[in-house]
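Once you've looked at the hints, dock chain C against the given chain R.
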Amino acid sequence: MGIFVTSGNEISRRSFLSRGAAAGGVVMLGAGASTVLAGCSSGSSGSTTTTSTGSKAGVGTGKPVRGGTLTVGTIAEIDGFYPPNNHWDTNGFLYANTVYDPLMAVAADGTIKPYLAQSMSSNATYETWTMTLRPGIKFNDGSALTSAVVKANFTALKASPLTGVALDQVASVGTPDDMTVVYNLTGPNPTFPAGLTTQVGYVVGEAMIQQATSDPSATLTPVGTGPFVYAQWQPNDHFTATRNPNYWRSGLPYLDQITFKPIPDTNQRESSLRTGGVDMIESVDPTTITNFSGSGGSGYQLVDTSTGIIGQPSFAFIMLNTLVPPTSDLSIRQALAKGMDQAEVQKVIGGPPAKPATGIFLPGSPYYSDTGYPTYDPSGAKALVSAYKAQHGTPTLNLLTIPDPLEIKVVQVVQQMWEQVGFSVTVSEVEQATIIDDFVFGKFQAVTSYQFGAVNPDLNYVWWSTTTISPIGQIGLNFTRIDDPTIESAMLTGRHTTDQATREAAYKTVNEQLAKQLPYLWIEQYVFSEVADGRVQNFANPTLPDGTPQYAFDEGIFVPTQIWLAG
Amino acid sequence: MVKYFARRFLQLVVVTFIISVLVFLLVHLLPGDPATTILGANDTAHNRAVLFKQLGLNKPLFQQYFIWLGAVFHGNLGQSYLNHESVTHIIATGWPIDVELILISQIIAFAVAIPLALVTSRRPNQPIDNVATTGTFGMLALPPFVIAPILVAVFAVGLGWFPATGYVPFTQSPATNLHDMLLPSLAITAGSIAVYYRLFRSDLISTLQEDFITMARSKGLSSRWIMWRHAFRPSSSSLLAAAGVNVGALIAGTFIVEYLFALDGLGYSLVVAVNQRDYLVVQGITLVVAIAYVVLQFIVDFVFTVVDPRVTRG
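Top to bottom, those sequences are chains R and C. Just so it is clear: in the first sequence, position 448 is 448 by my numbering, and no numbers are missing. Just so it is clear: in the second sequence, position 93 is 660 by my numbering, and no numbers are missing.
Just so you know, these hints were derived from the structure itself, not from any lab. All of these numbers come straight from a predicted model, not from anything done at the bench. Careful, some of the hints might be misleading.
Claimed, not checked - Taking lysine to any residue pairs in the SDA-like style, the calculated list, with each CA pair at most 20 Å apart, reads:
(1) Lys63(R) <-> Gly251(R)
(2) Lys443(R) <-> Arg615(C)
(3) Lys443(R) <-> Ile634(C)
(4) Lys158(R) <-> Val873(C)
(5) Lys158(R) <-> Lys570(C)
(6) Lys620(C) <-> Gly164(R)
(7) Lys409(R) <-> Ser428(R)
(8) Lys443(R) <-> Val324(R)
(9) Lys626(C) <-> Ser217(R)
(10) Lys786(C) <-> Ser804(C)
(11) Lys443(R) <-> Gly599(C)
(12) Lys158(R) <-> Asn614(C)
(13) Lys570(C) <-> Val873(C)
(14) Lys158(R) <-> Gly599(C)
(15) Lys409(R) <-> Glu344(R)
(16) Lys620(C) <-> Ser217(R)
(17) Lys158(R) <-> Ala708(C)
(18) Lys409(R) <-> Asn398(R)
(19) Lys443(R) <-> Pro598(C)
(20) Lys382(R) <-> Asp341(R)
(21) Lys158(R) <-> Tyr632(C)
(22) Lys516(R) <-> Leu330(R)
Said to hold, decoys possible - Here are a few chain C residues that face chain R, going by a calculated C-beta distance under 7 Å:
(23) Asn650
(24) Glu652
(25) Thr655
(26) Phe704
Beta carbons are placed, not taken as given, at the ideal position from N, Cα and C, and that holds for glycine.
Bound conformation, chain R alone (with noise of 0.2 Å):
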């Protein structure tokens, strides 16, 4: 679980280094068509505790009831409503799944099945997909969902600087009626439609497009086809959507009005559930699910991401920097990997007992392997600094880090165990605002982070791509600066096979060659929770539109279509 817990910064660094993902570049290059996707689910979706009556956390019994307004504490808040300039995080996508929808979903098989769509196939070279759309599907300002209004939103994000780079592979879209959209590639892409389930496939109205166009300074409006219509956003204090009493999915929503409010302090949103000032909350503190488990979660249901996770989960790690000395020379990143005891930094951050991080995927991933990443080894480590420091002088670095104080202490436990193995380790802590160019920058020897939560790994190419390294001092988005061709090549054959055991094995080398490179030292999992009053119903439990079970708990965000509140 995470560093970068207790602050009120900590969103928009996700959004950032997470989201980011999404937004930077990749979204249309990855994830999995729903043949592809199928085998990457590691579980059930989230780990969930059990109520006091036995029934599962976040899963609703008996019959659902109608009405009601559902609060919820959340971490930050957003920028904003409109795909093509905001940037979503968790959050984002909180308030995006109430007023809008996306194109494609996430199925808790991991497959990726039609949402807004009806449909979705591609020719057999996969260089052409054309999806069909629902028919008699309304926005909420009562114009209909059409292939010409998908293809707006389409132009709208290709002309953005945040989410164009997005859909360079899409070379153009054809819309031949009022209900079918073509995207024609400029390459095969057989993983293509879950790119859909991101950002770039929730649809908004034309207005709010027209909107945005004639007026790029306007505070946008949300116009949506989502179960809930926007009502009122106050940055930063709350934002209200009301039941849409015409949503297109029959006999949803089962609450009248949903509430978010920002509460950036973890202790005072735990306090406001257990005072009734909220009903639900979302957390990235490991401590929020030891406070909320055993007798303290009498009465409350908690469901987090430490299991059941699809694709990848997001992890804590200090990433180095492998262009500049001396963690440019692979033998210091060996040492500094064996001179760190995983399991007490673990300890240090807190919460429930986390598991041994080796990797970028977990056990039960079918691209999980033994990667050989180094155990903690003191005496290995010295050697290793003594045959540097015979050659070089003792290697010195700095550890940088954002003034948030988990952070400042993980880095002072870290900082001590290097020193002890023969390393010279400064700390500095940097702002927010400025540690991100100090990344794309790649000004930095050893920096705290957390990054890579993904459906599918191939989300994350363009951080470990060859193609996206620069020199220090240029912006490059493989902040690590790892030039590793055998990443490369096995990241662009999970991406263009369309065989199952050959994307296993390419992305079962990356894990393994990461930890042979070790541009990244880990620490543990990141793991989103949420928290409800025993009355909120079916929050971990949303289905698709044909019926099947949705993947309830993507990095911590839920859908609120079917929940409800018990009397």
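Chain C in isolation, oriented as in the chain R frame:
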């Protein structure tokens, strides 16, 4: 008197102008810029140049300043680069929270500090005075970020008397509003109580040793009459000065309470904007708060002239 206030008003205008320049420069001296937050992973040189042009950040700094100042004079403080919310709206929704927090906390602080000082100053170094002095000393050592979680744990989670978070505007429901705002206000009250009590007690003790008080006593006036009629007013000038300065500090200090109690006040909005390099929001809020502060000092100066007319002769 008129000349005195004219001079003070002129100073107010000059100070406000200097503050506007400083705020503008300081904001632009901060490392980083809004492009990082807005563009995220697409923060390329080209996209950055396009964005800077859109936001007018490619213009020389002095030109940006005068464009902003011109707009301010027309009542337009700009809008957030990130969510396009108007700065005027952010301030309009935020200021009632700050004002209420400060107002309630100051009412509580005066209500506790003044009677306590009146009682203990008549019995200096007696047990009641020692207890009160030690207690307020302890309060001074407890910052809001320590007091707030304790208040929440005891009065919200433990006893369930107050909500842990929540805010309803006063105009919507005065009773609920006061109920919601009591804990956050209490969290910033302790320091004020300590300062006001100690200052007022000390001034009262000093005043009670003056000859005119001895004269009043010799006339057989009651202690209560002497305290309220003769000692209170001459002892309150330090209290008034401290209140003026303290309110300024509270404007800055409400951030942590707003953060902890999830109140969308100006302090919280300001810190969020600083972290995101949302220049216009930072400039707008800082300017308004600075003006509010200097106006407040102006009012305090005016009240001083009522309490002690000698100040206008300086």
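Status of each hint after checking the structure:
| no. | hint | result |
| --- | --- | --- |
| 1 | Lys63(R) <-> Gly251(R) | holds, 13 Å |
| 2 | Lys443(R) <-> Arg615(C) | holds, 19 Å |
| 3 | Lys443(R) <-> Ile634(C) | violated, 34 Å |
| 4 | Lys158(R) <-> Val873(C) | violated, 67 Å |
| 5 | Lys158(R) <-> Lys570(C) | violated, 64 Å |
| 6 | Lys620(C) <-> Gly164(R) | holds, 19 Å |
| 7 | Lys409(R) <-> Ser428(R) | holds, 12 Å |
| 8 | Lys443(R) <-> Val324(R) | holds, 9 Å |
| 9 | Lys626(C) <-> Ser217(R) | holds, 19 Å |
| 10 | Lys786(C) <-> Ser804(C) | violated, 26 Å |
| 11 | Lys443(R) <-> Gly599(C) | holds, 14 Å |
| 12 | Lys158(R) <-> Asn614(C) | holds, 14 Å |
| 13 | Lys570(C) <-> Val873(C) | holds, 16 Å |
| 14 | Lys158(R) <-> Gly599(C) | violated, 27 Å |
| 15 | Lys409(R) <-> Glu344(R) | holds, 12 Å |
| 16 | Lys620(C) <-> Ser217(R) | holds, 14 Å |
| 17 | Lys158(R) <-> Ala708(C) | violated, 56 Å |
| 18 | Lys409(R) <-> Asn398(R) | holds, 15 Å |
| 19 | Lys443(R) <-> Pro598(C) | holds, 14 Å |
| 20 | Lys382(R) <-> Asp341(R) | holds, 14 Å |
| 21 | Lys158(R) <-> Tyr632(C) | violated, 34 Å |
| 22 | Lys516(R) <-> Leu330(R) | holds, 9 Å |
| 23 | Asn650 | holds, 5 Å |
| 24 | Glu652 | holds, 6 Å |
| 25 | Thr655 | violated, 13 Å |
| 26 | Phe704 | violated, 27 Å |
Hint compliance for this structure: hints 3, 4, 5, 10, 14, 17, 21, 25, 26 are not met, and every other hint is.
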